[in-house]
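Colleague: Line by line, the protein sequences are chains A and B. If you're matching positions, the first sequence starts at 1 in the numbering used here and goes up one per residue. If you're matching positions, the second sequence starts at 1001 in the numbering used here and goes up one per residue.
Think of the hints as simulated: they come from the structure by calculation, not from any bench. We treat Cβ as the ideally placed atom computed from N, Cα and C, and that holds for glycine. Errors might be hidden in some of the hints.
Said to hold, decoys possible - Below 27 angstroms or equal to it, Euclidean Cα-Cα: the simulated DSS-like pairs (lysine-lysine) are: (1) B:Lys1022 x B:Lys1656; (2) A:Lys102 x B:Lys1059; (3) A:Lys271 x B:Lys1506; (4) B:Lys1604 x A:Lys211; (5) A:Lys74 x B:Lys1608; (6) A:Lys19 x A:Lys74; (7) B:Lys1080 x A:Lys71; (8) A:Lys29 x A:Lys119; (9) B:Lys1054 x B:Lys1084; (10) A:Lys66 x B:Lys1616; (11) B:Lys1584 x A:Lys70; (12) A:Lys70 x A:Lys13; (13) B:Lys1639 x A:Lys70; (14) B:Lys1059 x A:Lys275; (15) B:Lys1059 x B:Lys1080; (16) B:Lys1257 x B:Lys1311; (17) B:Lys1375 x B:Lys1260; (18) B:Lys1584 x A:Lys211.
Unchecked claim - Just so you have them, the derived chain B footprint on chain A, three or more residues with Cβ under 8 angstroms: (19) 50–59; (20) 204–212; (21) 273–286.
Stated by the list, open to error - Not everything, but these chain A residues come out facing chain B in the computed CB check (under 10 angstroms): (22) Gln215; (23) Trp216; (24) His236; (25) Phe289.
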Amino acid sequence: MEKMNDKLQKTAKELLENKEVNLIIGFTKGSNPLRMRSVFITDPDDVSKLSFNAHCVQDLAVFLKKPEVKKFGKVGLIVKGCDEKAVNTLIQEYQLSRDNIKIIGVECRGVVKQNLADKGEDSVKQSTVYDKCLVCEVHTPLLYDYLVESDEPAFEINGDIKPYAKIEELDAMSVEDRNMFWQKEFEKCIKCYACRQACPLCYCTRCIVEKNTPQWIETNIEETGNAQWNMIRAYHLSGRCIGCGECERACPVNIPLMLVNEKMARDVFEKFGYKSGVDINAKPVFGTFDANDFNEFIK
Amino acid sequence: MARIGVFVCWCGSNIAGTVDVKRVAEEAAKIPGVVEAVDYKYMCSDPGQNTLRKMIKDKNLTGVVLAACSPHMHENTFRKAAVKEGLNPYFIEIANIREQVSWVHEDKEKATEKAIDLLKMMVEKVKKNKPIEDVRVPLTKKALVIGGGISGIQAALDIANGGVEVILVEKEPSIGGKMIQLDETFPTLDCSSCIMTPKMVEVYQHPNIKLYTYSELEEVSGYIGNFNVKIKKKARSIVEKDCTGCGDCWNICPMHKNVKSEFNVNLSERTAIYVPFPQAVPLIPVIDRSVCLHYKKGGKCQKCYDACGPKCINFDLQDEIIEEKVGAIVAATGYDLMENSLYGEYGYGQFKDVISGLQFERLLSASGPTEGVVKRPSDGKTPETIVFIQCVGSRDPEKGVPYCSKVCCMYTAKHAKLFAHKVHGSQSYVFYIDIRATSKGYEEFVRGTMENEGAIYLRGRVSKIYEDNGKLIVKGADTLSGNQVEIAADMVVLATGVIPKKGSDKMAQMLGISYDKYGFYTESHPKLRPAESSTAGIYLAGMAQGPRDIPESVVSGSAAASKILGLFSKSEYEVEGTIASVNKTTCVGCFYCRRVCAYSAISKEEIKDRNGNVLKVVANVNSGLCAGCGACVNACFSKSIDLKGYLDEQIFAEIKSLAV
Chain A
1 MEKMNDKLQK
11 TAKELLENKE
21 VNLIIGFTKG
31 SNPLRMRSVF
41 ITDPDDVSKL
51 SFNAHCVQDL
61 AVFLKKPEVK
71 KFGKVGLIVK
81 GCDEKAVNTL
91 IQEYQLSRDN
101 IKIIGVECRG
111 VVKQNLADKG
121 EDSVKQSTVY
131 DKCLVCEVHT
141 PLLYDYLVES
151 DEPAFEINGD
161 IKPYAKIEEL
171 DAMSVEDRNM
181 FWQKEFEKCI
191 KCYACRQACP
201 LCYCTRCIVE
211 KNTPQWIETN
221 IEETGNAQWN
231 MIRAYHLSGR
241 CIGCGECERA
251 CPVNIPLMLV
261 NEKMARDVFE
271 KFGYKSGVDI
281 NAKPVFGTFD
291 ANDFNEFIK
Chain B
1001 MARIGVFVCW
1011 CGSNIAGTVD
1021 VKRVAEEAAK
1031 IPGVVEAVDY
1041 KYMCSDPGQN
1051 TLRKMIKDKN
1061 LTGVVLAACS
1071 PHMHENTFRK
1081 AAVKEGLNPY
1091 FIEIANIREQ
1101 VSWVHEDKEK
1111 ATEKAIDLLK
1121 MMVEKVKKNK
1131 PIEDVRVPLT
1141 KKALVIGGGI
1151 SGIQAALDIA
1161 NGGVEVILVE
1171 KEPSIGGKMI
1181 QLDETFPTLD
1191 CSSCIMTPKM
1201 VEVYQHPNIK
1211 LYTYSELEEV
1221 SGYIGNFNVK
1231 IKKKARSIVE
1241 KDCTGCGDCW
1251 NICPMHKNVK
1261 SEFNVNLSER
1271 TAIYVPFPQA
1281 VPLIPVIDRS
1291 VCLHYKKGGK
1301 CQKCYDACGP
1311 KCINFDLQDE
1321 IIEEKVGAIV
1331 AATGYDLMEN
1341 SLYGEYGYGQ
1351 FKDVISGLQF
1361 ERLLSASGPT
1371 EGVVKRPSDG
1381 KTPETIVFIQ
1391 CVGSRDPEKG
1401 VPYCSKVCCM
1411 YTAKHAKLFA
1421 HKVHGSQSYV
1431 FYIDIRATSK
1441 GYEEFVRGTM
1451 ENEGAIYLRG
1461 RVSKIYEDNG
1471 KLIVKGADTL
1481 SGNQVEIAAD
1491 MVVLATGVIP
1501 KKGSDKMAQM
1511 LGISYDKYGF
1521 YTESHPKLRP
1531 AESSTAGIYL
1541 AGMAQGPRDI
1551 PESVVSGSAA
1561 ASKILGLFSK
1571 SEYEVEGTIA
1581 SVNKTTCVGC
1591 FYCRRVCAYS
1601 AISKEEIKDR
1611 NGNVLKVVAN
1621 VNSGLCAGCG
1631 ACVNACFSKS
1641 IDLKGYLDEQ
1651 IFAEIKSLAV
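Just chain A, with the same shape it has in the complex (with noise of 0.2 angstroms):
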């Protein structure tokens, strides 16, 4: 790891000394040892701050919406591969010029769940990362300025924990129980509208919630009301969603979202083979029609 830290300060460094950016965001180390924060770097002196370990959970894109964060033009972002899929979308959807971000890359081997470390799970293996990572393809980002490569070994797979296995359950059951199984996690959404403000996409400054003349979502609530508002922002998410699971995180009611997103993101590849946040010239497969589309479902 110390490695890794000491090329992330030293290329943080060059950065704003060369005023190649004009912030540097990143990771540095939280309240306790297994819990890891964002910090936001703009003297050259500060780099030392910089750190990165399998706890480096959060999803730092989310910042690049943020207008706070644009106002200083050119930054510098360290980013771990599943969430520089957030970057490429940013700039396939006209939100982040390519030119005012310089990505950072790390290699990840893995993060771990954040309730294991916080009881103290500090080791990076099957049963302690998230799913997101036992089917992670981008362990190297796709995208990068600058690579900071792992001295870490890569954890086993051999199959005996089966990421999103709920997906294959639900979608077994019969419409009238998955229905129910949604209402019923639904039912605990207090509206707090975090699974939004974690979500690196969700960058609307108005968001369809708000809109209120006339108001299409109910925004008390109830079983409507927040059906309406979490299957919205899932198809609002869909073929765009890089399955960071920040908004899931994020949830104070522990609604399953990574659910809906990953289920949304497999339909997505096997019906129109897109995946999201892979190439910042693709066009996003909502904003494309092609003849040959899959319409099985215009009887």
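On the provided structure of chain A, position chain B as indicated by the hints.
Modeller: Relative to chain A, chain B alone:
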């Protein structure tokens, strides 16, 4: 406070037969905001419209809802009536209780309930209506015609004679299209080139027509009145202004073997530097670089250059891109013939003397490869017996196309007739499914072929053709007599089906017009707007729309021209105001709207502060281009786009009106 008038139309018994119109009116009168609800036998009639106008005036209406037929039928009628009473035309709403209710339902009780629901929705909608102004766009009074066949030529001449500048773009080195390849034309047997060449020359000499041959459309952007087009003028390798068309170059070209003449449908050869036919317009040759020895052998051969008096051959000329601005476009891209090779049983390509109808035209033509003497391609002998097979590919959903190609019955009758004229004592057999000869003089023409020229018509299909001792043995069925027939023929002519010109789908995509599953361009309305495409400012002509004969192609060219002259007779073009508008405060500029817009109507707009710094980039709708389809409204995540006349609020009010 809303003051809404409701009118329930009977449409005679069309609506009143299935919907209790009195009850619908009674229920409407109970809706808050409705000041009066009446029913009337024919709202579109003059007295009906007067009732509407009178109520607008007397009751000082703020909105009107008609429960009647589809807005496609009479929305404009009622809007005009409203405007006469000073009401904004967009305060007229129509609940379609004919197409969507009375015509599709039988149960009067339930149909009436549905009619009431639809009406309620419209009343709630009209309460939320806002005045809309129509959009006026300026017009560039210049037209582009794509395709220099007979329909394109006709369109170009008519527009040009109306005093408007025309650009005519033709892909081939000469204009003339398919018609100039024909020999004599049915039903009057006037020679095609005799009636066609004067028109071609007129195009060439017309002061209002700019002709680009050997050129292709590269790019089209813009909208009605304001199209920007890029035309690729392919390099002819000839400095056109210096060329006299003397022919010294093509006469000396050593490449006179192995290159098939497109004009003679592969029945003769042409040189590498060539004019497609002697009457070509313009009479300027072109070098086919794919076969020319100069290009293939690194510049060694330059015989044409040496022979050329004015030295107008320039081997280094490059393709040129020409940009033009036009206000209207005619798509007259024409047709191709189906591949005869699809029909293996007829032996096309296998037996030299099985030829297509268009090849037979060339054999008949005085300017053709045999100078008008009918000779077999195999041995040059004059055939005495010819079998003509109709519907090769047409009306054959299995292997060809299900539609009728329309011209084949007539040209086959013409072929048989001309064959009899040219080869005395010869015999024609025609296999047909039905004879379709429906225009003026057509039936008489076919009768004449049968009765005066002795052509034998056999109703049935051919199952097999094979060669035997220099003859083509044609086996088929005569379904009228119920006999199998076997004819020993010298030649077989296939009346091959008509299909859209290769690449016409790509052209349609470039123009943004719709086409059917075969690739023929679709009309804005099949009956009432046959010259208009689905996109404003783009008109259709000729076979690009579907099979048709020469008179119909000429008519369609003139129709497109008259539409364009009508359009250009005004100083501005008025577009319906029901277009998209962006809430620039909430727009975050993700441009999904731009991605889904089929009309390229959305552009980027920079929002700047007073010092000129860009604060953000948002979507902007070009009101001339927007067709009001609403795709962008759906694509917008933050609901920052609204469609005027179909505002979110209005749709919401409609839905809410149904809430129980």
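Colleague: Each hint should be assessed against the structure and marked as holding or not.
Modeller: Here is how each hint holds up against the structure:
At most 27 angstroms may separate the alpha-carbon atoms for a hinted pair to count; B:Lys1022 and B:Lys1656 meet this at roughly 25 angstroms. For the proposed pair A:Lys102 and B:Lys1059, the alpha carbon gap of about 67 angstroms is over 27 angstroms, so the pair is violated. Only pairs whose Cα atoms come within 27 angstroms are accepted, and A:Lys271 paired with B:Lys1506 is accepted, the gap being roughly 25 angstroms. Under the criterion of a C-alpha separation no larger than 27 angstroms, the hint pairing B:Lys1604 with A:Lys211 is consistent with the structure, at around 23 angstroms.
With a C-alpha separation of about 19 angstroms, the suggested pairing of A:Lys74 with B:Lys1608 holds against the 27 angstroms cut-off. Using a Cα cut-off of 27 angstroms, the hinted pair A:Lys19 and A:Lys74 holds, with the two alpha carbons roughly 9 angstroms apart. For a cut-off of 27 angstroms, the pair hint linking B:Lys1080 to A:Lys71 is broken: about 53 angstroms separates their Cα positions. Pair hint A:Lys29 plus A:Lys119 holds up; C-alpha atoms about 17 angstroms apart against a cutoff of 27 angstroms.
This hinted pair checks out: B:Lys1054 and B:Lys1084 have alpha carbons roughly 11 angstroms apart, not beyond 27 angstroms. As the CA atoms of A:Lys66 and B:Lys1616 are separated by approximately 13 angstroms, the hinted pair is consistent with the 27 angstroms bound. Pair hint B:Lys1584 plus A:Lys70 holds up; C-alpha atoms about 19 angstroms apart against a cutoff of 27 angstroms. Simply put, A:Lys70 and A:Lys13 have alpha-carbon atoms about 20 angstroms apart, close enough for the 27 angstroms limit, and the pair holds.
Annotation: proposed proximity of B:Lys1639 to A:Lys70 holds, straight-line Cα distance about 23 angstroms (limit 27 angstroms). For the suggested pair B:Lys1059 and A:Lys275, the alpha carbons sit about 60 angstroms apart, so the restraint of at most 27 angstroms is broken. Taking the CA atoms of B:Lys1059 and B:Lys1080, the gap is about 18 angstroms. The hint holds against a cut of 27 angstroms. This hinted pair checks out: B:Lys1257 and B:Lys1311 have alpha carbons roughly 25 angstroms apart, not beyond 27 angstroms.
Proposed proximity of B:Lys1375 and B:Lys1260 is supported: the alpha carbons are some 18 angstroms apart, at most 27 angstroms. Under the criterion of a C-alpha separation no larger than 27 angstroms, the hint pairing B:Lys1584 with A:Lys211 is consistent with the structure, at around 14 angstroms. For the segment 50–59 of chain A, the proposed coverage by chain B is not satisfied: 0 residues have a C-beta within less than 8 angstroms of a C-beta in that chain, short of the threshold of three. Only residues whose beta carbon comes within less than 8 angstroms of a beta carbon in chain B count, and the segment 204–212 of chain A has 6; three or more means the coverage holds.
Given a C-beta distance limit of less than 8 angstroms, the hint that chain B covers the segment 273–286 of chain A holds, as 3 residues qualify and 3 suffice. Interface hint status for A:Gln215: upheld, as the beta-carbon distance to the closest one in chain B is roughly 8 angstroms, under 10 angstroms. Hint status for A:Trp216 relative to chain B: holds, with the closest Cβ pair at about 7 angstroms, below 10 angstroms. The beta carbon of A:His236 is positioned within 10 angstroms of a beta carbon in chain B (closest approach about 5 angstroms), and the interface hint is therefore held.
Proximity of A:Phe289 to chain B holds as hinted, the smallest CB-CB distance being about 7 angstroms (cut-off 10 angstroms).
Violated hints, in rising order: 2, 7, 14 and 19; the structure is consistent with all others.
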